[in-house]
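S.K.: Here is what each chain is made of, one letter per residue.
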Amino acid sequence: MKPPQETIAPQTNPPTNGQASALAPAASARVGTEQRQSIRDFRIPPAPTPPAHMDDYRSIIGQANLDALRFLARDLKGKTIKMVNSTAVGGGVAEMLNRLVPMLTELEVPTHWEVITGGNDFFEVTKAFHNALQGSDYQLTKHVEEVFLMYNEQNMHRMQFGEDLVVIHDPQPAALVRSRADSGSHWVWRCHIDLSHPNPQVWNFLRSYIEQYDAAIFSSQSFSRQLPIPQYLFYPCIDPLSEKNKELDDSTVQAVCDEFGIDRSRPIVTQVSRFDRAKDPVGVIQAFKLAKKYVDCQLVMAGGGANDDPEGAAVLQEVKAAAGDDPDIIILDLPPWCALEINALQRASTLVVQKSIKEGFGLTVTEALWKGKPTIAAAVGGIPNQIIHKHTGILVHSVEGCAYQIRYLLTHADFARRLGENGREHVKENFLMTTNVKRWLLLFRILSGSRAAPLP
Amino acid sequence: MTDQQAAVETRLRKSKKPFYFNTSEHLLRVGRETAANLSELLESLRHCPADSVFQHTFRTLQEHHFIRRGFSNDFAHWALSACNEPALAERLASVDVREFTSLEDLRQSLVRVLQDYGEHNPEAALRKAEEPFYFCAADIVVLPTSFVPDTLPGFADGLRRVSIHSIHHHFIEARLRLKLMSNDFSQWLLEEMYLPDAARAVNHIDIYTVTMENVRQQIVGIVERALQ
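Taken in sequence, the protein lines are chains A and B.
Under our numbering, the first residue of the first sequence carries the number 1, and numbering increases by one thereafter.
Under our numbering, the first residue of the second sequence carries the number 1, and numbering increases by one thereafter.
Simulated from the structure, these hints should not be mistaken for lab results.
Be aware that a few hints might be false.
Each computed BS3-like pair below joins lysine-lysine, with the alpha-carbon atoms no more than 30 angstroms apart [said to hold, decoys possible]:
hint	chain 1	residue 1	chain 2	residue 2
1	A	K320	A	K289
2	A	K358	B	K128
3	A	K127	A	K142
4	A	K390	B	K128
Owing to the predicted nature of the structure, the values given are computational and were not obtained by experimental measurement.
Only chain A is shown next, with the shape it has when bound in the complex:
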């Protein structure tokens, strides 16, 4: 007999990494304690917030779209879904499942979430697989294959798959599909990583398992592979009611700006991203300095990762060196729980920049667009899916191009405003959590052969 399963209760707040570390924003905090009391202390992780319910999204997506979700779910009532991934905390997949699972369950499509277990040797192998599938060199050995399959086998014996739809996230648990013969369920592989240039050895090994699924899901057209099964496109998404994206009153935005010494009476250009060379933070500073010759503005570089990552700390030093003594460049190294502060900084911004050299989907772009901010971003990764050049934002390819577009948007407010409005609508249509819920319901219905009734 298989042991009882442990189901993960979705959390109500993004997980934190333990105690607050001693962090100080690079820019001097210019206000006193009494003013800071208007918002919480960003150095301390916030208390969990209660989860949102489907009805809470009505004011955002409208009654008609909410009704469509309920109609879609109606024919699936009583059917069940299991989501399986490799971690309960940290990372975008766990964050997404924390919201998706309760939303599907509230629509009366009970959804269970389980996490595979494994030893350090397993997670070393899967980390190497992850990097190899994203293009790194790697030598696949028989031993590595055995470690991967052994832990998948162990999890197969530990788990039960009685649900109608089983969704396996990413490569780590991909071989669980060998359980499908017993289950009679629909099996789907959801790939969150960039497979556009995979290591052929690792991909060929994994492919033999992926081909046993009923369908695969990718985050971008360019990440998909030639496979004999249908491949669907599910864009990553943001939750408009999360701390990072919910509406904020102006006093909160003002308090955060005061906290970090940002002058809201002058234009604010912001890049939000961890201190990573792939995000080209030094390039952003160069672009800002070029633009500032012609337009008055401040630059906010808000990110994190410098405390728990040696490379992040080195990049932060490079950024500080590039900024020099310019008082208009405000560098903020924030802890991972500062979602509210990031939200406020994005809302305070006149323009948002994401000048990455390499990017996954670029959810910081999604966040900026959702806040109606005119956004200038590099045409890499999933960003062109979000930014339709001159319609929902501006795509750039160089420091000089970025500098020019900062100048242009800061001096053409009507055009900038229209970009922001279109960007928000684009996110509303394609990149919100509610759209993601809709995609899962649609996929489930399509796999079940439960299409809509013919037109009257």
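Here the structure of chain A is known, so what remains is to put chain B in place on it, guided by the hints.
M.R.: The following block gives chain B in isolation, referenced to the frame of chain A:
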């Protein structure tokens, strides 16, 4: 009958068949065809499934319903953004989905534009695009809504309250279903409400110079005028 009496009669008239407001939801499926240049786009467009033609023309209009001008279909967008061929982009963008009641006819029209451009610009046809074109397709699920009016005021109310997807379903996609150069709204106004002028006015709304929300407002305006 006075104008006032006619308006009252129009307001009270009940249709034999109510208007069933439906909506269509789409799931994006990645196709097998890709194109790295205009010549490959032409070849793939000739052979791709009809639901790919639908996705990159009819469906993309719904996906980008909020763009007021300059966005017509994915082929035109790619010709400009990835191939830097503005003249071709303009010609592809001028292919109006509302002039087609069949996806095969629409495909042939797009193929003719690409073929002609390639013959006159052979270098451009083979020049590598900045990014490939990935053919996709849409799996469609049609859903009912709670709006099933049988009077003109109820119809106007439904128009105001359904989603943009529903407007697109009845106004744009309908011609593929009806096989008529018309739409569900005009057909109902004509056949059930006997309002040929309103039906014609709705069918003449230009979808390429306004947002879909604005299209909705224009239709509501026409219906409200018929009620006065």
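S.K.: Verify the proposed pairing of K358 of chain A with K128 of chain B, using a straight-line Cα cut of 30 angstroms.
M.R.: holds, 21 angstroms
S.K.: Is it true that the CA of K390 of chain A sits at most 30 angstroms from the CA of K128 of chain B?
M.R.: holds, 23 angstroms
S.K.: Starting from K320 of chain A, check that the Cα of K289 of chain A is at most 30 angstroms away, please.
M.R.: holds, 14 angstroms
S.K.: Is it true that the CA of K127 of chain A sits at most 30 angstroms from the CA of K142 of chain A?
M.R.: Holds, at about 17 angstroms.
In this structure, none of the earlier numbered hints is contradicted; all agree with it.
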